[in-house]
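Colleague: Line by line, the protein sequences give chains A and B. Taking my numbering, the leading residue of the first sequence gets 1383, the next gets one more, and so forth. Taking my numbering, the leading residue of the second sequence gets 6, the next gets one more, and so forth.
Quick caveat, the hints were computed from the structure, so don't treat them as lab data. By construction, the Cβ of each residue, glycine as well, lies at the ideal position given by its N, Cα and C atoms. Check each hint, because a few of them may be wrong.
Claimed, not checked - Pairs of lysine-lysine residues, derived as DSS-like cross-links and limited to a Cα-Cα distance of at most 30 Å, are as follows:
#, chain 1, residue 1, chain 2, residue 2
1, B, K242, A, K1504
2, A, K1504, B, K32
3, B, K209, A, K1636
4, B, K156, B, K166
Stated by the list, open to error - Covered, in the sense of this in silico footprint (three residues per stretch, anywhere, with C-beta under 8 Å from a C-beta of chain A), are these stretches of chain B:
#, stretch
5, 17–30
6, 108–117
7, 125–136
8, 174–183
9, 228–234
10, 237–249
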Amino acid sequence: MPGILVIAESNEGGIAPISFELIAAARELSGEGAGNVTALIAGSEGDAQQFIAHGADAAIAATNPALKSNLGEAYLPAVQGAIESTGADIVLVGQTSLGRDLGPALAFANKTAVAMDCVALKIEGGRLRATRSAYGGNARAEVTWKAPLQVATVKAKSFDALEADSGRSGSVTSSDAGAEPKVKVLGVSKAEATGVRLEDAPVVVSGGRGLGDPSAFGMLEELTKLLHGATGASRAACDLGWYPPSQQVGLTGKTVSPDLYIAVAISGASQHMAGMSSSKNIVAINKDGDANMVKVSKFAVVDDYKKVVPALIEEIKKLG
Amino acid sequence: MNIIVCVKQIPDPETPAASFKVDEAAKKVIPAQGIPPVVNPFDPQATEAALRLKDATGGGKVTVISLGADSARDAIKHALAMGADEGVLLSDPSFDGIDNFETAVALSKAIEKVGEYDLVLTGRAAADWDMGVVPAGLGQLLGIPVVTIAKAIESDGSSVKVERVLDDGFQSVEAPLPAVVSVSNEFGEPRYPQLRQIMLAAKKTVQVWSAADLGLGADETGSANRWLPLEALYVPKVESNVEIIEGDTPEEKAHNLALKLRAAKLI
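Make the full structure from the sequences, and use the hints.
Modeller: And the structure:
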């Protein structure tokens, strides 16, 4: 009997939203013939119970304290045990700190592959077929698995969580499987917040090499301040020393998904897109109407930023 | 301490989107005209970490391994110019079109062939496929611990202390050596090779090992033996819904943009 095992996780705020999105994804696959959905969560049976209402057929509370390390290695015995007890041939994990560590470790431990950061999943001929981004979002790849066990990590917000339905029922069990990992955790610290963190800012204003002049960031910072946001920069601008590397948005920088992303003089190469393409609304200010950033934006001003940005600052002040 | 660094050559992530093309039938990226491939942007950090650890622990050897086409020598030479001691290129016609999992198998055999090592370092992921699975693979295949996504690494020669980057903070961990550690961009700026070092690196020989040299079986390599078969590769259609803001002057466009943003409740 095939089945789907979802590795759920929690954070300070309770069950992480990605966990319910994974259940929704698994429910869709189940509808396509992939079998029952089982959720596994490091926590209590009370935590596990929530997944039944959100769409799981069964839930396992993994109670071994070693799982608190959030290291893939520590999760392996519990996950392997759940694969054996449920007969699951699909394992879904979130593309999170845990997923990045556990997904590949689980795959290699089972001599199978993992598809990382998937955005779509479907069942074809009884087997999983996953879609993921490659080349910094420039390409999409569709993959299948050679070995029986199919492991995938799923990008956040790729699926909509189901409404909780307290009328649903399912079995909740617990497992204390776990192993003291070879890697020992010495401590955990939170990211320091100085001003508005780039990753948390509702508005991000970024500049690129097209600014042509590092002093232009002063103008962007003024706009940023007015919009209570954070200022970012492309790798090209950071490499030129125009803006601190800590503010770099992109593949090798920060990943942001603000409500409003204003890209000033940024062409939109994959290096940059990888860090901001999930922004909810993109505004491009660029001289080149054919720039990729213009194409992907909601609104674009095709003109010289040196005139547009100061005028925009004045207009926003007027609107109050 | 003896350290092995795995590096990869990839298409330049700064390639303009308009120049990015895929051969859908071959399921391959068509190299962009006039834009040479580059070292995966996370890999110089791994090399930098290796060089600093070598110095901090009083010597040893840094060996750079890359699997790829002949042009991947440039990725190895870059690490040699930074200060790495030896380079090995894994090159074989059967490596064409292999996946990250087969790559991990080949690299693990190469690491065993190099023999003496205390630490294996990689970038956190390669920016082309962005999978980040090779470090875990090397750990499992070599039977040693793995620590992923490091921003800082210290070692006393018998264990390694690593500051890991998490989604919402940092985790400090310790692992016995030998171990595999993947290094993130948060590690900091790698050194930039100087002209003299580039010239010296050009003179260093890079060994070339084939699939047979690694003892890879016919079923362990080749695109037909992918663990994760690639069914399709394509450039997604960008549905451009852009509204180009009208106006006769930049000021008028700015005015109209502000009104649009206000109407959309974005400001």
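Colleague: Does each hint hold? Answer for all of them.
Modeller: Now the hints, each set against the structure:
no.: 1; hint: K242(B) / K1504(A); in the structure: holds (20 Å)
no.: 2; hint: K1504(A) / K32(B); in the structure: holds (20 Å)
no.: 3; hint: K209(B) / K1636(A); in the structure: violated (36 Å)
no.: 4; hint: K156(B) / K166(B); in the structure: holds (11 Å)
no.: 5; hint: 17–30; in the structure: holds (count 8)
no.: 6; hint: 108–117; in the structure: violated (count 1)
no.: 7; hint: 125–136; in the structure: holds (count 5)
no.: 8; hint: 174–183; in the structure: holds (count 8)
no.: 9; hint: 228–234; in the structure: holds (count 5)
no.: 10; hint: 237–249; in the structure: holds (count 11)
Figure legend: structure checked against the earlier numbered hints; hints not met, in rising order: 3 and 6.
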